[in-house]
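Given chain A, work out where chains B and C should sit, using these hints.
Residues per chain are reported as follows:
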Amino acid sequence: MVPLTHYLALGAILFLIGAAGVLMRRNAIMILLSIELMLNSVNITFVGFARQWADLTGQVFAIFVIAVAACEAAVGLAILISLNRDRQMMNVDEINLLKW
Amino acid sequence: MTIPFPQIHWAYLLPVLLVVGGAVFVLMWDAFFPQRERSFLVTLTLAVLASALGASLAAQPGSEAASMGGMYLYDGFTRFVFALILLSSFFSVLLSAAQRSLEEVPAGDYLGLILFATSGMMLMAATRSLLMVFVGLEIFSLALYVLAGFLRGQPEGNEAALKYFLLGSFASGFLLYGMALIFGATGSVDLMEIAQRLTTSPPSRSPAFLLGLGFVVVGLGFKVAAAPFYMWTPDVYEGSPTAVTAFMSVGPKVAAFAAFFRLLLAVGPRAGAELDAILWVMAVLTMTAGNVSAIWQSNIKRMLAYSSIAHAGYILVALAAVRRGSDLATGSFLFYMLVYALMNMGAFCVVVAAGARGEERTRIEDYAGLGYTRPALAAAMALFMVSLAGIPPTGGFVAKFYLFSAAVKVGFVWLPVIAVLNSVVSVSYYLRLVVLMYMREPGEAPARPGLLGPGWSYALAALVLAAAGVLNFGIFPSSFFELALRSTLLLN
Amino acid sequence: MIRYAWLIPLFPLAGVLINGLLGSRVRDKAGHVASLMAGLSLLVVLGIAREMILGPGGSHVVPVWTWITAGSLSVSVSFLVDPLSTIMLLVVAGVGFVIHVYSIGYMHGDPGYPRFFTYLNLFMLSMLLLVMADNYLLMFVGWEGVGLCSYLLIGFWYEKQSASDAGKKAFIVNRIGDAGFLLGLFLIWTLTGSLSYAEVFKAAPQLAAPAATAIGLLLFIGAMGKSAQIPLYVWLPDAMEGPTPVSALIHAATMVTAGVYMVARTSPVYVQGPGALEVIALVGALTAIFSASIGLVQNDIKRVMAYSTVSQLGFMFMAMGVGAFASGIFHLMTHAFFKGLLFLGAGSVIHALHHAPAAQQQDMRYMGGLRSKMPVTYWCLVAAALALAGVPPFAGFWSKDEILAGAFFSGHYVVWGLGTAAALMTAFYVFRMIFMTFHGEMRVDHHAREHIRESPAVMTVPLVILAVLSVVGGVLPGFPPDAGWIHKFLAPSLAKAPGHAALDEGVRVVKAAAQAGAQGGGHGTAGIALIVLAIAVALGGIALAWRMYLRDTAAPARLERRFPGLYRLLLNKYYVDEIYQACIVEPIYRLMRALFDFDQKVVDGAVNGSSFLTVWFSRISGIFDLRTVDGAVNGTAGVIGFFSQLFKFIQSGMVQNYLFVMLLGVFLMVSAYLFR
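Chains as they are written, first to last, in our numbering: chain A, 6 to 105; chain B, 23 to 514; chain C, 3 to 678.
Looking at chain A on its own, in the form it has when it is part of the complex:
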């Protein structure tokens, strides 16, 4: 049987990798994927805790997160496409019309 700490460690590591990816990737789609990674790490954590407490709430939460993540991906990609049509670019460091 896999102990709780393994779930949590996996979740935490994935979360950090996701966060680092969001910070460091130039390409907006990669950032989007990194965000998905963060959300999924949360799911692992939730599921792990749900088993620990023998409480389904954690799993329900994870399902909700998956649903929301799907919506988020849809909206995010739509925004990206609109931006790409407008300015023909995908790199976030070129987007700085609005500042101070």
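Derived by calculation from the structure, the hints in this document are not laboratory data.
Keep in mind it's a predicted model, so treat the numbers as computed, not measured.
Please note that the accuracy of each hint is not assured.
[As the list claims (entries may be wrong)] Non-contacting residues of chain B with respect to chain A, defined by C-beta distances greater than 10 Å in every case (computed):
(1) Asp131
(2) Lys185
(3) Trp478
[What the hints assert, rightly or not] Covered stretches of chain A (in silico footprint by chain B; criterion: 3 or more residues with CB under 8 Å from a CB of chain B, positions within the stretch not fixed):
(4) 22-31
(5) 59-70
(6) 80-89
[Unchecked claim] Now the in silico label distances, taken between C-beta atoms and shown as ranges:
(7) Pro26/B - Met95/A: 49 to 55 Å
(8) Leu561/C - Arg385/B: 34 to 40 Å
(9) Arg385/B - Leu552/C: 55 to 61 Å
(10) Glu59/B - Lys31/C: 25 to 31 Å
(11) Leu15/A - Arg385/B: 49 to 55 Å
(12) Pro26/B - Asp91/A: 50 to 56 Å
(13) Gly175/B - Lys31/C: 36 to 42 Å
(14) Glu125/B - Leu82/A: 54 to 60 Å
(15) Phe481/C - Glu463/B: 53 to 59 Å
(16) Ala33/B - Gly49/C: 42 to 48 Å
We put the beta carbon where it would ideally sit given N, CA and C, even for glycine.
Quick look at chains B and C alone, frame taken from chain A:
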């Protein structure tokens, strides 16, 4: 095995159902009858919001406040917050109808999104469950991401949408991770149960719980634009259509602050003194960052964005007081939000109304001499600026007074002092606009930009409503403050 | 009648609404509307004053509505009618009405005529609220309101750069004061649990001395801003850029005395914290002599008056500081009469000279010999000057003498010395002004000469009214010194300074002496000696001015040559503006400049290159595929010290910088939790 059907209080649920139903209807209507007059949908949306407001005012919260096992909670606090959210949506629909650049967009999509966002805010504010907090937050956030970039032809709009989306999702990740940790530490996502478990078997010092609480504070702090999570605000506010900016500056803040209040009321007293320090630092940083940055701005939407950050900082003062267990603080938060909604909406309404077809007046310089070309508009703007600055006899002054005195009451010394000094600083940029309007010759701007189109009546309604409210709450605030105070009675 | 006190601010409010909303419609009638409203207000005030003075007096609260309730705190909009507010109401409504009428003539034909009267009525409304409030919060409403009107009216002729600059200066300086005032309010509320005068004063005796001193000092910071005391006086001389009736009403007679009124009103708290009073006495005395000495050499007729106002306000604070509250209020009243008159007279002169070149209209070096052309103005101004100089029986003598006696008998010898020296200078500069303007040969521009004539009746009648008040306004309420009617009348409103047994002793001596004097006895007691000295000082100053500016007109130039450094120092107002400029304004400006450069070079550089923070961050990790871009790292080298710099810096427009700052915030927060 039978699953018991959860108890549902339909009267309490009605406001949300009305808004969601209205959203679906508006969206569908536009899909099936795209040729209809735009004003029909606007009127319909306004009617939906008004009836939801009526329904929530009519539903007196009783002792049976919780529906569906605490997922939906209808108490006095919810009722007041519903009124605030619906009011701000009402205003933003009026503003949207008045804004020239939004005339060409598909009205059904746009208004539907506004209504969906409204329902998300309502759900987020009316719950005891972290799950619903998350779902509500995402409902309105997703809608707002789209609304921010609704004018697809504008590069600024696209950029605002992307920034808002990326930063918001990132913050959501933290919020979720924090919720997971809290669930892990306490075994529940229901705030009441969490609070109970914290008292019976105190895991309140466990790192998982504290870390989780910290991450949730990050996620909520992002939505209310607290330092150091506020950087998206000016960019997004500047890039979004003005009516959407107005919406964003009030509605989401009310909802996120409401959730913040519920969280702190439940777990705050048992969360240790670190939270005190964190809220303290956040409040000071937020108001200082907002005010200091606002001074330098040359774009009025950006200035108002920083001003809204500063106001979030003032409200964080109330949050810090709530953690110390002050009912007065919750009441003054509600009152502050009410006044803030009116004066901010009013200010944005002037921005909308001052614009002409094709070009908006977003540079502060554009307002030079407005006192001569559009005296009524300038007078209204002056009133809102004076109120935002917290100068009597306007609502802004009274609201600030309540807020800071709540902090004084629970023994904060430096926090209200810093807040007072901050609001003294803020006067300079608010009055700068007033001086510009009255003490400068109008520039080369057209003497009468044509706003006497169909949108004018909407803008006028919003302006009159906001101005009357700001004055009323400045001169006769007592009864509404009592109402706000009573709304907190059934909390906990 | 007292029940109808709420009518007093209502009339100016009506005026504001009529002129403000229908400005384009009322046009030339705006002045009449505003004056009518001020007049109606004055009528109510007179009715109330009659009742207060002839009746039993006492303190009456007229509730209007409950404004703010918060838990145990309840603040209502209610008006306090007691002897102190009665005196203030008489001054504000009386002088206000007179100046409204005068303005009809003075502002005639100005394009902003309705706007001017809207502001003027708004000012009246705020000032009346300020003096009638029965709690500190309502007083603050008035306090902010008069400040707002003051900036609006200073910058009234906004197309003049100097005017809008002066408005800004007044605004900034007053903000500093307001911050102090607000903090004082918070302290009062925290310590006494209330903001209404009655309850605060009831709790005042229980206040510890340090607490009371702290309250007193914070409130005094507010008073320093509003009433132009060192070091916050710099805005008042510049405020003369506003129209002259405004200078008379706001920057001489009423608003600037709000600080004095506030200190007198708070006297029950002040007497608990003697430290604050000492500070006030010293600041007042220093301000009095400092600005009087600047007034000695100024050539702009309004600037002489402005520095004189600052100096006289110093006298009033001196009175507050030495515990002679009633004398301070008495001086406030007489000062409103004669200083208002001086300004209106100066306005009359400027009005007559409006055909002269703009730079010469207010310059006394280009006046002279106007006596025969403007007899009414001349004689009224002489009365005012005698009152200001302190020549008996004119108004200023009685009040100023009381203040000096109060300082002397309470043991504040330094304050008394400074005050007496300032009094000498006062007599000198005011008569220097009279002589330079009205006597000697006419130096007015030839072109403008034939246009000089006496101002119209709408302007001279107010002058005469104020002149009469300047003559009798001191002796009637103030005789005999320190025991006159005004002292008896004000006594219930003011606290008695403790530890001023010496003062009481002195008062007794003076009283006895004065009575003896009144009976023709005239024995050489200390009080009599002081009075004689005061008269001698006044006459000496006048004589000196006469000698230097009428008899031996070369004398000023000689003195100037002999003491060139001192002369320049005074003429340039001790270079205070320059010092402020160098020490405060310039650094801020440089900071802004640096910020701008910073934006231009560093941030743009960073932005053009890449997201610098990310680059930074990635260097540490090095795991991911990175695309570092040059130039970015160089930009981050500078350490950012200032908030604003920081805030602008992080607002770079780059999403990932925002993300990074957010993450930094998370780290800080988590470490606050975990490594406490």
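Hints, one by one, checked against the model:
{"no.": "1", "hint": "Asp131", "in the structure": "holds (12 Å)"}
{"no.": "2", "hint": "Lys185", "in the structure": "violated (7 Å)"}
{"no.": "3", "hint": "Trp478", "in the structure": "holds (29 Å)"}
{"no.": "4", "hint": "22-31", "in the structure": "holds (count 3)"}
{"no.": "5", "hint": "59-70", "in the structure": "holds (count 7)"}
{"no.": "6", "hint": "80-89", "in the structure": "holds (count 7)"}
{"no.": "7", "hint": "Pro26/B - Met95/A: 49 to 55 Å", "in the structure": "holds (51 Å)"}
{"no.": "8", "hint": "Leu561/C - Arg385/B: 34 to 40 Å", "in the structure": "violated (55 Å)"}
{"no.": "9", "hint": "Arg385/B - Leu552/C: 55 to 61 Å", "in the structure": "holds (59 Å)"}
{"no.": "10", "hint": "Glu59/B - Lys31/C: 25 to 31 Å", "in the structure": "violated (47 Å)"}
{"no.": "11", "hint": "Leu15/A - Arg385/B: 49 to 55 Å", "in the structure": "holds (52 Å)"}
{"no.": "12", "hint": "Pro26/B - Asp91/A: 50 to 56 Å", "in the structure": "holds (53 Å)"}
{"no.": "13", "hint": "Gly175/B - Lys31/C: 36 to 42 Å", "in the structure": "violated (52 Å)"}
{"no.": "14", "hint": "Glu125/B - Leu82/A: 54 to 60 Å", "in the structure": "violated (28 Å)"}
{"no.": "15", "hint": "Phe481/C - Glu463/B: 53 to 59 Å", "in the structure": "holds (55 Å)"}
{"no.": "16", "hint": "Ala33/B - Gly49/C: 42 to 48 Å", "in the structure": "violated (58 Å)"}
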